[in-house]
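As they're listed, the protein sequences go chains U and R.
Heads up: the first sequence begins at 13 in my numbering, then just goes up one per residue.
Heads up: the second sequence begins at 827 in my numbering, then just goes up one per residue.
Do not rely on the hints blindly, as some may be mistaken.
Claimed, not checked - DSS-like, lysine-lysine: derived pairs with alpha carbons at most 25 Å apart: (1) U:LYS249 x R:LYS968; (2) U:LYS339 x R:LYS1020; (3) R:LYS1057 x R:LYS1020; (4) R:LYS886 x R:LYS1057; (5) R:LYS1057 x R:LYS1073; (6) R:LYS1073 x R:LYS1062; (7) R:LYS1073 x U:LYS339; (8) R:LYS993 x R:LYS891; (9) R:LYS993 x R:LYS1020.
As the list claims (entries may be wrong) - Computed from the model, here is a short list of chain U residues facing chain R with C-beta under 7 Å: (10) GLY211; (11) ALA272; (12) SER276; (13) PRO280; (14) VAL309; (15) VAL313; (16) ALA314; (17) ARG316; (18) ARG318; (19) PHE319; (20) PRO330; (21) GLY395.
Said to hold, decoys possible - Beta-carbon label-pair distances, calculated as ranges: (22) R:GLU902 x U:ARG446: 52 to 58 Å; (23) U:VAL233 x R:ASN991: 53 to 59 Å; (24) R:GLU902 x U:ILE226: 24 to 30 Å.
Treat the hints as calculated values from the structure; they're not laboratory data.
All C-beta atoms in this analysis are idealised placements derived from N, C-alpha and C, irrespective of residue type, glycine included.
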Amino acid sequence: MTNAPVEAPEQTELMDPGNGPGGSFADAIRAMEIDTRMLGMIGALLIIWIGFQFWSGGGSWSEGTFLSARNLWNLSVQTAAVGIMATGMVLVIVTRNIDLSVGSMLAVLGMAMAMLQAEILPDYLGFDSPWIWIISLAAGIIMGAVLGAFQGAIIAYVGVPSFIVTLGGLLVWRGAAWMMASGRTIAPMDATFQLLGGGARGTIGYTWSWIVGILACAGIVFLLINGRRQRIRFGFKLRPRWADYTIGGVSIVVVLGAIAYLNSYLLPPRLAEQRGGGDIPFGLANPVLIAIGVVLVMTFVATRLRFGRYVYAIGGNPEAAELAGIKTRATIIKTFALMGILVGIGAAVQVARLNAAVSGLGQLTELYVIAAAVIGGTSLTGGVGTIPGAMLGALVMQSLQSGMALVGVETAAQDIAVGVVLVLAVALDTVYRRRASA
Amino acid sequence: MTTQTTTPLVELRDIRVAFGGVHAVDGVTVNLFPGEVVAVVGGNGAGKTTLIKTLSGAHKADSGKIFVNGELAHIETPRDAKEYNIETIYQTLALAENIDAPANMFLGRELRTNWGTLDDRAMENASRTVMGRLNPRFENFKVPVQSLSGGQRQSVAIARAVHFNAKILIMDEPTAALGPAETEQVNDLIQQLKAEGIGIFLISHDIHDVFDLADRISVMAQGKLVGTVNKDEVTKDEVLAMIIMGKMPGEATQDELEHFHD
Chain U
13 MTNAPVEAPE QTELMDPGNG PGGSFADAIR AMEIDTRMLG MIGALLIIWI
63 GFQFWSGGGS WSEGTFLSAR NLWNLSVQTA AVGIMATGMV LVIVTRNIDL
113 SVGSMLAVLG MAMAMLQAEI LPDYLGFDSP WIWIISLAAG IIMGAVLGAF
163 QGAIIAYVGV PSFIVTLGGL LVWRGAAWMM ASGRTIAPMD ATFQLLGGGA
213 RGTIGYTWSW IVGILACAGI VFLLINGRRQ RIRFGFKLRP RWADYTIGGV
263 SIVVVLGAIA YLNSYLLPPR LAEQRGGGDI PFGLANPVLI AIGVVLVMTF
313 VATRLRFGRY VYAIGGNPEA AELAGIKTRA TIIKTFALMG ILVGIGAAVQ
363 VARLNAAVSG LGQLTELYVI AAAVIGGTSL TGGVGTIPGA MLGALVMQSL
413 QSGMALVGVE TAAQDIAVGV VLVLAVALDT VYRRRASA
Chain R
827 MTTQTTTPLV ELRDIRVAFG GVHAVDGVTV NLFPGEVVAV VGGNGAGKTT
877 LIKTLSGAHK ADSGKIFVNG ELAHIETPRD AKEYNIETIY QTLALAENID
927 APANMFLGRE LRTNWGTLDD RAMENASRTV MGRLNPRFEN FKVPVQSLSG
977 GQRQSVAIAR AVHFNAKILI MDEPTAALGP AETEQVNDLI QQLKAEGIGI
1027 FLISHDIHDV FDLADRISVM AQGKLVGTVN KDEVTKDEVL AMIIMGKMPG
1077 EATQDELEHF HD
């Protein structure tokens, strides 16, 4: 059906030369099949980290504090909440929609969860009931799904643009959060619920951190072996062996290095004393573990489930999706409901970390979440975006902010920097894409 | 060409569609027999695409009935149409550009594993099988279809219809976006499908294509059916007269027909 030149039969390349990389760096990257955009983001992240390390040390690397275990541990916790929500924003944006109500919805859900556990449930269950945190968390997540689905229904069935619906949501939910508690601060949170937010007790500790790290390494090795086996089975071009080893080796070193580093951050002596003294490492924080879980689940949803396929198809060509018999409206509603669920999880992490809910909770969060998704390679024209990219985008954003806070840049200047970086990142990406397609 | 004694594969009877006060399709009746190609022709805005959309489920008719194998069919969505083995290949190549060929072929009808996850392996195997029949040179199963040529994309669209056992195939300007050689290949494929007993509605405004491929020609003008003629019994000029002047063969004078060659 075509006159286009057909590539040489790929079977001939099945033989794996097994030679070393050779050639240029660009060739090596191509052979490893690493997405250049992902590589660019990792490069930007390294530059930011190295830059702040020098800056925080007044120009001296060794005196810098940005790359200290303590700061990176904090950075991991701060990234978690925005990252969790950014994975949902990817799917929303992929369907050519937007959700501006994320920050305000976070306030409503956070407030609801806080009031449930601090003021309502104890009357019925008593203060120490283990059900309090479970019911509060579940209520927040379900409420998020309902509010999200409600906005999605207006977008899908009434046909009001998502920009308008969620802009309305931004105002409505913010007002609702205030009215729920008449502007009061709700505190403190249930003791178990607080663990969701990280903090000195909300970590999984030394041993479990290593177990998670080793499981992650096993997962990496499995994926590489499985990928290779699939390619052999279907006669696809194989990645050279050295490339597989390099990718696997670097990933494992990064994972284990991160765990070792987080485990080297010890509880302050006074807190350690309360728990029997000695060196007690923090290890992975609970919110980080939650964020990792969310990335895995959302990647599965986006790439392995029919729902995810439909989300991308709708983003690629809404008319084609409709003509193919996809229930596009139901898919849009589900996408927004999923976003709401993730806002519920994000809200739980935030409220637990602050150990309080205030009506101003989550202000401007929608912009950070959208920025994380966009910096992570999600295209506002729809159809393009990845979950791990969004998490990396969140890490870049948070690194910038936390770095600037660390070196004492004033808040107004921080906002300016973040805004400039957002526009710059998308501008670079646009230029790059135009070149690539030309 | 066809034995008119058998039940038609599909019959659209007295279909009406109005947009606001405009009658886009106004009481049109056409039918299609197995192994037959019926061309629906007409100028821009004649209502041919709207008519055929009522059959593919993309647009609901205001009134009129659709019969498939002589039985009244209820077609309100593209899904309904597929239930009746009616497959449509759209002028705009209704593909999601950002996903690969197997994903497009199975869009809306994905194969799934026992776990409920997408069975990409099975879908790719099935795609390779169908494509091996239609376009053996097609190799790009793993790239988004936006990087394929127009002809390759059209073969994805046709492969989709063939894989799902289309009995009735609607092709809306299937070659409009293609070069001459690719057009030739699509035309060969239409002959092949026809030989397999599939009924094809071909929407086109290329009178040469129509004469190459169609058995019967239904002409529409301003939402109304001018008439349906057997290709072998008319000349191209007579069909042009139907399209442009709305006059049946014999009604137009020789002078008027000559006029097309000015």
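Hint by hint, here is what the structure shows:
no., hint, result
1, U:LYS249 x R:LYS968, "holds (12 Å)"
2, U:LYS339 x R:LYS1020, "violated (32 Å)"
3, R:LYS1057 x R:LYS1020, "holds (16 Å)"
4, R:LYS886 x R:LYS1057, "violated (30 Å)"
5, R:LYS1057 x R:LYS1073, "holds (16 Å)"
6, R:LYS1073 x R:LYS1062, "holds (13 Å)"
7, R:LYS1073 x U:LYS339, "violated (44 Å)"
8, R:LYS993 x R:LYS891, "holds (19 Å)"
9, R:LYS993 x R:LYS1020, "holds (10 Å)"
10, GLY211, "violated (37 Å)"
11, ALA272, "violated (35 Å)"
12, SER276, "violated (39 Å)"
13, PRO280, "violated (46 Å)"
14, VAL309, "violated (13 Å)"
15, VAL313, "violated (10 Å)"
16, ALA314, "violated (11 Å)"
17, ARG316, "holds (4 Å)"
18, ARG318, "holds (5 Å)"
19, PHE319, "violated (10 Å)"
20, PRO330, "violated (9 Å)"
21, GLY395, "holds (4 Å)"
22, R:GLU902 x U:ARG446: 52 to 58 Å, "violated (42 Å)"
23, U:VAL233 x R:ASN991: 53 to 59 Å, "violated (43 Å)"
24, R:GLU902 x U:ILE226: 24 to 30 Å, "violated (55 Å)"
In this structure, the hints that do not hold are numbers 2, 4, 7, 10, 11, 12, 13, 14, 15, 16, 19, 20, 22, 23, 24, in rising order.
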